[in-house]
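Take the sequences, apply the hints, and build the full model.
Each chain is listed here by its residues.
Number of protein chains: 2
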Amino acid sequence: MKPLILVTNDDGYTAPGLLALVSAVKDFGDVVVVAPELGQSGMSHAVTIKTPLRCTKVADSPIVVYKVNGTPVDCVKLAHYQILDRKPDLIVSGINHGTNSSISVVYSGTMGAALEGAIHNIPSIGFSLCSDSYDADFTLASKYAKTIVAQIIKHGLPDNTCLNVNFPNIAEKDFKGLKVCRQAKGRWQEEFDKRQDPRGSSYYWLMGYFTHHENGATDHDEWALANNYASIVPVQVDLTNYTAIDNLKKLF
Amino acid sequence: MKPLILVTNDDGYTAPGLLALVSAVKDFGDVVVVAPELGQSGMSHAVTIKTPLRCTKVADSPIVVYKVNGTPVDCVKLAHYQILDRKPDLIVSGINHGTNSSISVVYSGTMGAALEGAIHNIPSIGFSLCSDSYDADFTLASKYAKTIVAQIIKHGLPDNTCLNVNFPNIAEKDFKGLKVCRQAKGRWQEEFDKRQDPRGSSYYWLMGYFTHHENGATDHDEWALANNYASIVPVQVDLTNYTAIDNLKKLF
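Protein chains in written order, with our numbering: chain A, 1 to 252; chain B, 1 to 252.
Calculated directly from the structure, the hints in this document are not laboratory data.
Take these hints with a grain of salt, some might be off.
Which copy? The list can't say, so a pair holds if one copy fits it or any two copies do.
[Unchecked claim] Computed list of lysine to any residue pairs in SDA-like fashion (alpha-carbon distance at most 20 Å, straight line):
{"#": "1", "residue 1": "Lys185", "residue 2": "Ser61"}
{"#": "2", "residue 1": "Lys185", "residue 2": "Thr243"}
{"#": "3", "residue 1": "Lys2", "residue 2": "Asp219"}
{"#": "4", "residue 1": "Lys176", "residue 2": "Tyr209"}
{"#": "5", "residue 1": "Lys249", "residue 2": "Asp27"}
{"#": "6", "residue 1": "Lys50", "residue 2": "Asn69"}
{"#": "7", "residue 1": "Lys250", "residue 2": "Gln151"}
{"#": "8", "residue 1": "Lys2", "residue 2": "Ile148"}
{"#": "9", "residue 1": "Lys143", "residue 2": "Glu191"}
{"#": "10", "residue 1": "Lys185", "residue 2": "Thr240"}
{"#": "11", "residue 1": "Lys87", "residue 2": "Asp135"}
{"#": "12", "residue 1": "Lys154", "residue 2": "Ile122"}
{"#": "13", "residue 1": "Lys146", "residue 2": "Pro3"}
{"#": "14", "residue 1": "Lys185", "residue 2": "Tyr242"}
{"#": "15", "residue 1": "Lys87", "residue 2": "Gly208"}
{"#": "16", "residue 1": "Lys57", "residue 2": "Pro16"}
{"#": "17", "residue 1": "Lys185", "residue 2": "Pro198"}
{"#": "18", "residue 1": "Lys143", "residue 2": "Tyr242"}
{"#": "19", "residue 1": "Lys185", "residue 2": "Asp238"}
{"#": "20", "residue 1": "Lys185", "residue 2": "Ala244"}
{"#": "21", "residue 1": "Lys50", "residue 2": "Leu38"}
{"#": "22", "residue 1": "Lys185", "residue 2": "Ile122"}
{"#": "23", "residue 1": "Lys26", "residue 2": "Ala150"}
{"#": "24", "residue 1": "Lys146", "residue 2": "Val32"}
{"#": "25", "residue 1": "Lys185", "residue 2": "Gln236"}
The structure is reproduced here in structure tokens:
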């Protein structure tokens, strides 16, 4: 039996990045898309529990496509437990229009879907391109997504672990290759854009800029991307800070 | 200057659990509540980027309270960067009506807020009670929340680390105390409730049950709660699976 590959994303089922990812993986197995109806950027690992979910098949050929009125994590859960007739062998999420390196992994809907796969021990990969543009060029990312998918189909991933893959937005001639690395330390500094609506009430747009807090280290994803590599970070679901446990036991 | 304490949650600014937490911390410093207008359970680390945020002061006394039309993480960001006149010394989130132990930390809006504090190196604690009831009894949780807050105000927390505190829903006479532990391995198994609407279209409610995958270990939060302890798990923001890096380097 050919591998069953679930494709999802957080930019919605019509996003060019998703179409690029479908093209990249379609020769590796049976591909089914279950993706959000609307953009879900920044939805992290959110699930929909207060409103009902609807799931509509929107294409049968050449690829089966379902749209869901929920989050990327909802899509993975619905696909796994309701839509697909067997457990998927691989989940790929993306290709996201925009970076998900460093701390952005925590906010990312693309990576929410991949992490949900990891929770169910399904090999899962989130792919992102460092360009927010709708018309971004996914040629390089698609090509190397194939390389990565081929290796993961062959070798699998450790339990409860998925991959966070980010591609620099550069021409292929400048590309240095793939780099396995760790999540860089960093954060988004917020700068809210405060405005007045026509009725005189104020509102805010969430804005911000990313800063990393690394000094000279070269083993993290921000270094890889800044140096024209694609970053591959193994991401896992146990958030425990094990090194803090002994000291905390002295307090409680 | 007294410590500045930000209180938030994911059940909304009127939830009894939040009022219990305000009572628990009000003697430790200047307290400001910035909490969601509506329930945000299951919103994880989601941020609002496609719609504008509004923030309304709804009380001045005895405690300053703002409501926000966004997620718990939005509340922390708005409080930190727009509402408060200085960086908070402590963020407390909760007390959640419902457990956030084991893998639920990943889906939890309560813990999304605490983790956002950790990203900004603000000592942060998420509190949850193992009861979904609106009328849950927060007496025990409030009492021991005070104990925990006192220690963290005095000793701080490691960089980029917050606490995930869960209380069993039991009478105080049965309570065994606080237990520092790790996140239990486990997952939610989904069982969608599929229905027909009055117009004949199908929809789903996300349902499920939690299963943990621990065999006899006693150092995790599910063990603590099942044995009448409150669990205290240090939670951090680096999701890298460091043990997987060397093997992955052989593939790429």
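Okay, the hints, checked on the actual structure:
1. In the homo-oligomer, the alpha carbons of Lys185 and Ser61 never lie at most 20 Å apart, since the shortest distance is 43 Å inside one protomer and 39 Å across protomers.
2. In the homo-oligomer, the alpha carbons of Lys185 and Thr243 lie at most 20 Å apart both inside one protomer (17 Å) and across protomers (18 Å), since each shortest distance falls under that limit.
3. In this assembly of identical chains, the alpha carbons of Lys2 and Asp219 never lie at most 20 Å apart, being 36 Å within a copy and 41 Å across copies at closest.
4. When the C-alpha separation of Lys176 and Tyr209 is checked against a cutoff of 20 Å, the pair qualifies neither within a copy, at 26 Å, nor between copies, at 46 Å.
5. Taking identical chains as interchangeable, the C-alpha atoms of Lys249 and Asp27 are never at most 20 Å apart, the minima being 52 Å within one chain and 25 Å between chains.
6. Taking CA atoms no more than 20 Å apart as the test, Lys50 paired with Asn69 passes in both settings, with 13 Å inside one copy and 16 Å between copies.
7. For the identical chains of this complex, Lys250 and Gln151 are inter-copy neighbours only, at 10 Å across copies versus 45 Å inside a copy, given an alpha-carbon limit of 20 Å.
8. For the identical chains of this complex, Lys2 and Ile148 are intra-copy neighbours only, at 18 Å inside a copy versus 53 Å across copies, given an alpha-carbon limit of 20 Å.
9. Taking the shortest Cα distances, Lys143 and Glu191 never come within 20 Å of each other, neither inside one copy (36 Å) nor across copies (37 Å).
10. For the identical chains of this complex, Lys185 and Thr240 are neighbours both inside a copy (17 Å) and across copies (11 Å), given an alpha-carbon limit of 20 Å.
11. Proximity of Lys87 to Asp135 under the C-alpha cut-off of 20 Å is found in neither arrangement, the shortest distances being 33 Å within a copy and 40 Å between copies.
12. Taking the closest pair of Cα atoms, Lys154 and Ile122 come within 20 Å of each other only inside a single copy of the chain (13 Å); across copies the shortest separation is 43 Å, beyond that limit.
13. For the homomeric pair Lys146 and Pro3, the shortest alpha-carbon distance inside one copy (14 Å) is at most 20 Å, but the shortest distance between copies (53 Å) is not.
14. Taking identical chains as interchangeable, the C-alpha atoms of Lys185 and Tyr242 lie at most 20 Å apart whether they share a chain (18 Å) or sit on different chains (14 Å).
15. Taking the shortest Cα distances, Lys87 and Gly208 sit within 20 Å of each other only across copies (17 Å), while inside one copy they are farther apart (39 Å).
16. Within a single copy, Lys57 and Pro16 get their C-alpha atoms as close as 19 Å, which meets the 20 Å cut-off; across copies the closest is 42 Å, which misses it.
17. When the C-alpha separation of Lys185 and Pro198 is checked against a cutoff of 20 Å, the pair qualifies neither within a copy, at 41 Å, nor between copies, at 51 Å.
18. Proximity of Lys143 to Tyr242 under the C-alpha cut-off of 20 Å is found in neither arrangement, the shortest distances being 38 Å within a copy and 27 Å between copies.
19. Proximity of Lys185 and Asp238 under a CA criterion of 20 Å is satisfied in both settings, with 18 Å inside one chain copy and 8 Å between copies.
20. With identical chains, the CA atoms of Lys185 and Ala244 are at most 20 Å apart both within one copy (18 Å) and between copies (19 Å).
21. In this assembly of identical chains, Lys50 and Leu38 lie within 20 Å of each other by CA distance both inside one copy and across copies; the values are 18 Å within and 11 Å between.
22. In this homomeric assembly, Lys185 and Ile122 come within 20 Å of each other (Cα to Cα) only across copies, at 15 Å, whereas the closest approach inside a single copy is 27 Å.
23. Within a single copy, Lys26 and Ala150 get their C-alpha atoms as close as 12 Å, which meets the 20 Å cut-off; across copies the closest is 56 Å, which misses it.
24. Taking the closest pair of Cα atoms, Lys146 and Val32 come within 20 Å of each other only inside a single copy of the chain (17 Å); across copies the shortest separation is 51 Å, beyond that limit.
25. Both within a single protomer and between protomers do Lys185 and Gln236 lie at most 20 Å apart by alpha-carbon distance, with minima of 16 Å and 11 Å respectively.
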